[in-house]
Amino acid sequence: MPRFCALLLLLFCNTIVYSQTCTNTFTGTVIDLHDNSLLAGATVILAGSETAVQTDINGEFTFNNLCNSTYSFQVSHPFCATKGYTVLIDGDTNKTFKLEHHLEELNQVIIEGNAFASKTQTSNEQTLNTKDLEAFSSGSFGDALNSLSGVSTLSTGNVIVKPVVNGLHSSRVLIINNGVRMEDQEWGSEHAPNVDINSSGRVTLIKGANALQFGGDAVGGVIVTEASKIPVKDTLYGKTLSTLSSNGRGGVISSKLTKSFESGWFTSLQGTFKKYGDFESPDYILSNTGILERNFSVNAGLNRFDYGFDVYYSLFKNEIGILRASHLGGAQDQVRAIQSNEPLIINDFTYDINSPKQDVTHHLFRAKAFKKFTNLGKLSLQYDYQFNNRLEFDVRRGDDKDNASLDLDLKTHTIKLDFESSSIPDFNIKAGISGRHQNNFANPDTGVRRLIPDYDAYNLGVYGTGSYNLNSKWLIDAGVRFDYTYMDVFKYYRQSLWESRGYDILFPELVIQTVGNQILVNPELHFNNMSATVGTLYEFNEDYNASFNYALASRAPNPSELFSEGLHHSASRIELGDLRFTSEISQKIGLNFSKTKGIFRYTINPFLNHIKDFIVIEPTGVQQTVRGSFQVWEYRQARAQLLGLDLDATLDLSDKWQFKHQFSLVKGYDLTREDALINMPPVNTQNAITYTNSKIKNLKLELQSDYNFRQNEFPNTNFDVFVAETQTSEKVDVSTPPAAYHLLNFKSSIDFNIKNNSIITVGLGVDNLFNTSYRNYLNRLRYYADDLGRNFLLNLKINY
Amino acid sequence: MKNLKHIYALIILSIVFTSCSNDDDNSSTTLPAVVNEEEVITTLNVRLEPVGGGTVITLQTRDLDGDGPNPPAVTVSGNLQNGITYNGSIELLNETVDPADDITVEVEEEADEHQFFFTTGNNLDVTTTYENFDNNGNNLGTEFSLTANTISTGTLTFTLRHEPTKPNTGLADAGGETDISATFNLEIQ
Numbered sequence: 001m002p003r004f005c006a007l008l009l010l011l012f013c014n015t016i017v018y019s020q021t022c023t024n025t026f027t028g029t030v031i032d033l034h035d036n037s038l039l040a041g042a043t044v045i046l047a048g049s050e051t052a053v054q055t056d057i058n059g060e061f062t063f064n065n066l067c068n069s070t071y072s073f074q075v076s077h078p079f080c081a082t083k084g085y086t087v088l089i090d091g092d093t094n095k096t097f098k099l100e101h102h103l104e105e106l107n108q109v110i111i112e113g114n115a116f117a118s119k120t121q122t123s124n125e126q127t128l129n130t131k132d133l134e135a136f137s138s139g140s141f142g143d144a145l146n147s148l149s150g151v152s153t154l155s156t157g158n159v160i161v162k163p164v165v166n167g168l169h170s171s172r173v174l175i176i177n178n179g180v181r182m183e184d185q186e187w188g189s190e191h192a193p194n195v196d197i198n199s200s201g202r203v204t205l206i207k208g209a210n211a212l213q214f215g216g217d218a219v220g221g222v223i224v225t226e227a228s229k230i231p232v233k234d235t236l237y238g239k240t241l242s243t244l245s246s247n248g249r250g251g252v253i254s255s256k257l258t259k260s261f262e263s264g265w266f267t268s269l270q271g272t273f274k275k276y277g278d279f280e281s282p283d284y285i286l287s288n289t290g291i292l293e294r295n296f297s298v299n300a301g302l303n304r305f306d307y308g309f310d311v312y313y314s315l316f317k318n319e320i321g322i323l324r325a326s327h328l329g330g331a332q333d334q335v336r337a338i339q340s341n342e343p344l345i346i347n348d349f350t351y352d353i354n355s356p357k358q359d360v361t362h363h364l365f366r367a368k369a370f371k372k373f374t375n376l377g378k379l380s381l382q383y384d385y386q387f388n389n390r391l392e393f394d395v396r397r398g399d400d401k402d403n404a405s406l407d408l409d410l411k412t413h414t415i416k417l418d419f420e421s422s423s424i425p426d427f428n429i430k431a432g433i434s435g436r437h438q439n440n441f442a443n444p445d446t447g448v449r450r451l452i453p454d455y456d457a458y459n460l461g462v463y464g465t466g467s468y469n470l471n472s473k474w475l476i477d478a479g480v481r482f483d484y485t486y487m488d489v490f491k492y493y494r495q496s497l498w499e500s501r502g503y504d505i506l507f508p509e510l511v512i513q514t515v516g517n518q519i520l521v522n523p524e525l526h527f528n529n530m531s532a533t534v535g536t537l538y539e540f541n542e543d544y545n546a547s548f549n550y551a552l553a554s555r556a557p558n559p560s561e562l563f564s565e566g567l568h569h570s571a572s573r574i575e576l577g578d579l580r581f582t583s584e585i586s587q588k589i590g591l592n593f594s595k596t597k598g599i600f601r602y603t604i605n606p607f608l609n610h611i612k613d614f615i616v617i618e619p620t621g622v623q624q625t626v627r628g629s630f631q632v633w634e635y636r637q638a639r640a641q642l643l644g645l646d647l648d649a650t651l652d653l654s655d656k657w658q659f660k661h662q663f664s665l666v667k668g669y670d671l672t673r674e675d676a677l678i679n680m681p682p683v684n685t686q687n688a689i690t691y692t693n694s695k696i697k698n699l700k701l702e703l704q705s706d707y708n709f710r711q712n713e714f715p716n717t718n719f720d721v722f723v724a725e726t727q728t729s730e731k732v733d734v735s736t737p738p739a740a741y742h743l744l745n746f747k748s749s750i751d752f753n754i755k756n757n758s759i760i761t762v763g764l765g766v767d768n769l770f771n772t773s774y775r776n777y778l779n780r781l782r783y784y785a786d787d788l789g790r791n792f793l794l795n796l797k798i799n800y
Numbered sequence: 001m002k003n004l005k006h007i008y009a010l011i012i013l014s015i016v017f018t019s020c021s022n023d024d025d026n027s028s029t030t031l032p033a034v035v036n037e038e039e040v041i042t043t044l045n046v047r048l049e050p051v052g053g054g055t056v057i058t059l060q061t062r063d064l065d066g067d068g069p070n071p072p073a074v075t076v077s078g079n080l081q082n083g084i085t086y087n088g089s090i091e092l093l094n095e096t097v098d099p100a101d102d103i104t105v106e107v108e109e110e111a112d113e114h115q116f117f118f119t120t121g122n123n124l125d126v127t128t129t130y131e132n133f134d135n136n137g138n139n140l141g142t143e144f145s146l147t148a149n150t151i152s153t154g155t156l157t158f159t160l161r162h163e164p165t166k167p168n169t170g171l172a173d174a175g176g177e178t179d180i181s182a183t184f185n186l187e188i189q
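If you read the sequences in order, they're chains A and B. Here UniProt numbering is used: position 81 in the first sequence is 81, and no number is missing along the way. Here UniProt numbering is used: position 58 in the second sequence is 58, and no number is missing along the way.
Check the hints yourself; a few may be wrong.
Derived DEER-like restraints, expressed as beta-carbon distance ranges [as the list claims (entries may be wrong)]:
(1) A:R249 - B:T127: 20 to 28 Å
(2) B:V74 - A:L244: 52 to 60 Å
(3) B:P71 - A:H661: 51 to 59 Å
(4) A:L643 - B:V74: 22 to 30 Å
(5) A:D445 - B:A73: 25 to 33 Å
(6) B:A73 - A:L671: 38 to 46 Å
(7) B:E108 - A:R249: 53 to 61 Å
(8) B:P71 - A:L796: 56 to 64 Å
(9) B:D173 - A:T692: 52 to 60 Å
(10) A:L671 - B:T127: 54 to 62 Å
(11) B:R62 - A:N528: 41 to 49 Å
(12) B:D102 - A:D445: 19 to 27 Å
(13) A:F507 - B:R62: 26 to 34 Å
(14) A:K731 - B:D173: 54 to 62 Å
Because the hints were derived from the structure by calculation, they are not lab data. C-beta: ideal position from N, C-alpha, C; glycine also.
Please build the complete structure, drawing on both the sequences and the hints.
The following block contains the structure:
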């Protein structure tokens, strides 16, 4: 039918040709509506005449000798969906055709690195792409990040793993999961991020507070996870990944299915199931270290070039056993546990998860819409809701045996409006405003005093950032952000603590009522936080570039730092916060020198982070209770300085052999006390040699070495305790770091093409090849047990 | 521009919503309930009754703020008499609640998961014997007997272990977690 119409039209035109002179010129430009970039090499066909012209380098085309009439054109480009236009020609006419330059993003090989925009310009950014992430499918989010230079992990056992960026962690490292700032009680050092590693298509690490659009309190850094981009075309594809591991005698299976349409509509569904029993060290079973994880996410929306929206929901549910032998009564038990070479409790292997354990559920809902205004920019609006429930079970007695000791509900609503301008060439501006409400509810039915009090927190943030290409060599960027936080807290203090800290004299007006030996108070806290960045990037030539960046970050103290008060069972210590804390202010300078091309590529990234009012928790004494003595850990504010160097290098030995090197160093000083900072990651170096052969079914073999030095700089926080059974005073050595260790890991994979463009990748790996016994300084269970022994892994991946 | 209107509407709506929840949370009717520690043991009472009659000796350690900053208050009512055997009984209380919770009942109900240990120090010359046992015939020790042998002074420590290895030969191989560790200075005259 269209062909017939065109023919008619052509006939009609021809008729007109005879009646008038046809000397009009039709000129035009073909552009990409995403970024208004000019599309060279696009084909414009005049329907009926079959006259075709190609756009030149400026995206321009010309047709001569057209009449005053209506013509049909077909515009196509190798990477775009072909589109038809009807144009009324009246005299010399000019027209701009806009194409959906989407299909290019389909091709993963072409777009790797381009599909996702860079988050910052002048600061150090590192990424993990889908392939890197797949290698950690059976591990944790923290494990995957640990493969980047400058990142180490703070762990509780081998499943609860938190990323440490340039020596800092927890509230100082923001995690942005699919555009949503995670609010999952990240303040606790034994609270792992509630992110399913299998739901991310790419993870970006920014070592500093440079991504102001996400928050100004990233004293350590920002970790951004994004789902893989969905192409705008009619397609249905999926991926299933599964891993079986010998250590833990379990595995993980994760699947993702995506359906998209040329109209821009899309939907995707993803799920992960993970189950492990007790893990094993080289010499014994680590009793009660199993895990059961179930995640699910669904995403649907419309993606057009000038507008779009999408809704996303994810559920993360994680039940984690904590080493049974780590649950202790007091300092006397600690002496026994530390002095013993093996955990004091070793049972037979089981898949059962008993107390002590954590059971965490995280719901995340996000709705997002954007609209692009030609010559102005892009406006996006996002609302998200997060519900985090954390249950912690301790070894308890009597009727409370199966009752959680901690039951916290954290609900967070966020709404944000962002604008990104593209109107001025070489000048990129982003600005936005966000509002957040958070409510924490501690269930009183636990029969244990609340670790974190009930509170409502309100936050308002405004930011603006800009980057400018001075010329082809220089780029500068700068940004500023302001955050206002208000916390309305209801907390029961023990009367004895309220008085011993002098709060009764400082804050008598906060007291609402006294119940028995507890006092209910209502602190209302206000924090005004200013953050800013400025940086510059210089490109020497195609191969070399250097950048300098300064970031000012300021972070309001978290509820744990402000309000902790009492025995923390899982740590066997009494933790005390301080109501009087002020915001922590960090100034970080980062330098970056890179060689990005050639057979030898490298990045050198030294940094200096000076933090005023750094909140640190450290042992301060020993307290007697009926249960015996406990070490008291108090939060305090200090002047801190972190100094470090991250190094990455890659050498292509041949087209098949590649050598990779990574080195991370960080030194932390407490300038107030002139001592080392506690829990700083030791020096680490990772080296790997890889053999790849695309001719033998994409065979890939990799041998990886991971060397962790001993941490030699640490504050001495050992203490003495009287042990009744031996009638002696014993030293509780809680500060001496464990010895250095070296691990060797092996990985291999091979691809098989099967029918219908499906690929099966089979992988075999061995972690800790030599079954080395080791303990990690930043593993909180290092006092009680060795880390994991040898682990055989079998991976299977199917793309369809 | 139509889209912008929707955006404004959304923002206003959200502000209204947050304001509403704000009002609710601040109303005085929703003050959080106080949590009284259910398992905490604030008080250990030991009653030593001389066999055949005489002055009862009581030992007490009491820490009403639990793991709060105040140390436990330790009291001993008097001295032991040499050559005398005492019938001992232990009482555990949670006095943060009113009336006080008797934790001894829980410990005796879960006798197979608990055991008291008696440790002497600094030359105190006493002998202790378990007088009650769990269902498997292993030591429990909330009832015991104590014989004051010769004139001496020193310490007597009561240790309660949760989930110890049973049977055992003493604290050294008992394992488990310490629920109570209370030391008293005693004199035999």
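Assessment of proposed distance window 52 to 60 Å (beta carbons of V74 (chain B), L244 (chain A)): Given about 57 Å between the Cβ atoms, the range holds.
For D445 (chain A) and A73 (chain B), compare the CB-CB distance with the range 25 to 33 Å and indicate the outcome. Since D445 (chain A) and A73 (chain B) have Cβ atoms about 31 Å apart, the given range 25 to 33 Å holds.
Evaluate the given range 51 to 59 Å for the C-beta pair formed by P71 (chain B) and H661 (chain A). For H661 (chain A) against P71 (chain B), whose Cβ atoms are near 55 Å apart, the range 51 to 59 Å holds.
Could one say that the CB atoms of L643 (chain A) and V74 (chain B) fall in the range 22 to 30 Å? Violated, at about 49 Å.
How does the Cβ-Cβ distance of L671 (chain A) and T127 (chain B) compare with 54 to 62 Å: does it lie in that range? Between L671 (chain A) and T127 (chain B), where Cβ atoms are some 58 Å apart, the hint holds.
Is the gap between the beta carbons of D173 (chain B) and T692 (chain A) within 52 to 60 Å? holds (56 Å)
Has the hinted range 20 to 28 Å been met by the Cβ atoms of R249 (chain A) and T127 (chain B)? violated (50 Å)
State, for the Cβ atoms of K731 (chain A) and D173 (chain B), whether the hinted interval 54 to 62 Å holds or is violated. violated (22 Å)
Distance restraint evaluation - F507 (chain A), R62 (chain B), Cβ atoms, bounds 26 to 34 Å: Check passed, 29 Å falls within 26 to 34 Å.
Do the beta carbons of D102 (chain B) and D445 (chain A) sit within 19 to 27 Å of each other? Between D102 (chain B) and D445 (chain A), where Cβ atoms are some 22 Å apart, the hint holds.
Please check whether A73 (chain B) and L671 (chain A) have a Cβ separation lying inside 38 to 46 Å. holds (41 Å)
Check the following: the C-beta atoms of R62 (chain B) and N528 (chain A) are separated by a distance inside 41 to 49 Å. Holds: the Cβ-Cβ distance is about 46 Å, inside 41 to 49 Å.
Hints 1, 4, 7 and 14, counting from the list given before, are not met by this structure.
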